[in-house]
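Enquirer: In case you want the letters, here they are:
2 protein chains.
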Amino acid sequence: MEIELITTGTELLLGRVLNTHQQWLGQRLADSGHTLSRQVTVPDNGQAIREAVQTALGRAGLVITTGGLGPTSDDITRGMIADMLARPLCRDDSIASHIESFFERRNRPMPESVLVQAQVPKGAVVFPNEHGTAPGLAIEVSPNTFHESGKPAWLLMLPGPPRELRPMVDDQALPFIKKHLPLEQAFHCRTLRSLGIGESTVEEMLLGQLKPLMDRGLDLGFCARTGQVDIRLSGSGPEMPALIAEAEATIRAAIDKQIYGTDDETIEQVVVGRLIATGETLAVAESCTGGLLGHHITNVPGASAIFAGGMLTYSNEMKQILLGVNESTLAQHGAVSKEVAVEMAEGALAVSGADHALSVTGIAGPDGGTADKPVGTVWLGLTSKGSRPLAIRKFHPYDRETFKHATVHQALEMLRRRLQKTG
Amino acid sequence: MEIELITTGTELLLGRVLNTHQQWLGQRLADSGHTLSRQVTVPDNGQAIREAVQTALGRAGLVITTGGLGPTSDDITRGMIADMLARPLCRDDSIASHIESFFERRNRPMPESVLVQAQVPKGAVVFPNEHGTAPGLAIEVSPNTFHESGKPAWLLMLPGPPRELRPMVDDQALPFIKKHLPLEQAFHCRTLRSLGIGESTVEEMLLGQLKPLMDRGLDLGFCARTGQVDIRLSGSGPEMPALIAEAEATIRAAIDKQIYGTDDETIEQVVVGRLIATGETLAVAESCTGGLLGHHITNVPGASAIFAGGMLTYSNEMKQILLGVNESTLAQHGAVSKEVAVEMAEGALAVSGADHALSVTGIAGPDGGTADKPVGTVWLGLTSKGSRPLAIRKFHPYDRETFKHATVHQALEMLRRRLQKTG
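First to last, the protein sequences are chains W and A. Per the numbering used here, residue 1 is the first one in the first sequence, and the count goes up by one each step. Per the numbering used here, residue 1 is the first one in the second sequence, and the count goes up by one each step.
Keep in mind that the hints were calculated from the coordinates and are not lab data. A virtual CB, placed ideally from N, CA and C, is assigned to each residue, including glycine. One should not assume that every hint holds.
Unchecked claim - Every beta carbon over 10 Å from chain W, so not counted as near; a handful from chain A, in silico:
| hint | residue |
| --- | --- |
| 1 | S94 |
| 2 | P128 |
| 3 | D230 |
Said to hold, decoys possible - Across the chosen pairs, the derived CB separations fall in these ranges:
| hint | chain 1 | residue 1 | chain 2 | residue 2 | range |
| --- | --- | --- | --- | --- | --- |
| 4 | A | D372 | W | S200 | 52 to 60 Å |
| 5 | A | R106 | W | K257 | 21 to 29 Å |
| 6 | W | R393 | A | E140 | 44 to 52 Å |
| 7 | W | R252 | A | H333 | 48 to 56 Å |
| 8 | A | P374 | W | L115 | 25 to 33 Å |
| 9 | A | N107 | W | I197 | 15 to 23 Å |
Please construct the entire structure, taking both the sequences and the accompanying hints into account.
Expert: The following block contains the structure:
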């Protein structure tokens, strides 16, 4: 079955807003066995939206739109689709009272205009919006006059704001799709996430070994981001769980050390989860990453139990004041050196009393590089109570933000490997 | 003229990669007067790409594709388009030697297969790739047999990786578009960026006053993100610079205090730039934002000149050790309080010797809220040498990451307003 996503919004085409729906919805759908066939963005323009929806209904069994359900004058998706499908809009009292209480709870006066969101095309299934006012809507287009064969299709209309759309998809839309558009065979999917090994190396090591399983129907996909490679194993049918398990065993036999997690797990979730489980704490000492390492760690709910704190020591002076790095070490080896990385980590451990401390010192660029230490050079340090300090040198000759992200991932991976060893 | 963007890549539809091209290219094009009419994502599948390109050529005067130009087996865009347009592929020796030297400079062996990237459809204009191996290609489709009227169209093929695509667009593709697809009238655009005022409030305050200018052709657009509203003024023709200037004066008369920057400026760029100009320094003391404030500041190249450093004090203990917050203040008022925010900022100023210090203490959630201080409550503090400390309370009842971002923007805005006053 073809599935098409239509994201609406002039601001998306003007580039004022990043379109995150494609990735988020695409992944959620793929992991449940429904792969997006195509995605289209059109402006808030009745003719463009209508044409895109009609074309999609002519190809797909499921069409999902996002945006255009709100109360303002450029929110035209609901009315346009009601008109296109000849489904008169009717007021839904339960939505109206949800909207009224939404404003009441926030002590805000309710403009009358917002009640347009309680208008529902006749026969539509309503997905209540727990985090906003516009409900999601599902309409079965049957007969589907836009499709050559007249084959019925489902049209799902979802709200635009991610914090309204995401819980609605997880709690309501995906179960709805599962019920009304069941797969012929159960779909299975597992993603192994690796760090510190290149895509082509991974492919070369694994393709030959996994070929027999692929011949039996296993789908193997690689996806590379800076410094990371996801290995996706998927397929349908009763034999698939065994094939996926066999493939995972083969992959782990080859590169288990590099695999930090599975499915949606992030490296920070894995590390924080592990620390929570063992009751250990972590401190950080950041120079060139400027706080990004602490940010990633504290993005994980519950991190406050394990995050002892951090020192952002951009200058040599602050490295001395906050972390006790020796002036002579800085003078002799420079701020971007193994010795300073180790002293930074040791200082963070001592100040915070944490069980582990990570340190980062490098040259993010665009300036500050030398022939010996070009832009992109970074030293990572790790100290743990009762263990010898560790330091590794990495080289990320990318733009400033990519450099920071790659560095943070590697620092977390360095700690994960130590936790795994000692666990 | 219609402009369509076709992003290719199965990994985009599986949601393994975030599609940033739509936003980045959309904004670059819009700011030069070329608004994207539509964007489509298709998988790495010859039939899907061919169909999407043909359909786009049937509507648009400019069609841009991204991705599929690399050396691996799923990079099929180049060959497919050459075939579709009946333009035989010929080897371009200058590209071939660029690719060879690209590998040489990196001391990496060159697989023979990468030379496929030196194959160019006959008559195509080549955009050399400064940051990778696959060049961009421009082909004039003339006569355009896919369009009813046969009107010629330009087809631009750009590489997928953002760090290859972006400089190629700025240095080569945009000047090329300007030359070959000139606008009938000069296009002008200016964006005013505001913080701390809601979209509907901005609209209400400004729409009436700007109506006469809009009647004379000024295009006015609002774009809201969490806590921020961009106001975009644009239009074509000789009168437009004067209309835009008049509109800006009107807007500034109404909400000048809330406008932190123009066009692409970010709040962190404005604040860091201002500090660099005055030679002042900044320290941060972060609790709930966990390093995100430091990360934003250090994303600005040159920030090392003004960033004195930071303390990530998640726990009460670290607030005392690193910042000298009094135990009695914590006991009496709690960690999320005006008094602690002020003592954190004062501590950061004292430890770092900086000219300004920002502090953040709040409840990011999902747990930790109380009736008195619900999840989303945050206190921001600011201390500057020779000024009285300042603290403000904010409430961002959002998810954890949105909370952190909104908080960081407001902290930076708090400092910007102080710098403006004293400047």
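Enquirer: Can you name, in rising order, the numbers of the hints this structure does not satisfy?
Expert: Those not satisfied come down to hint 3.
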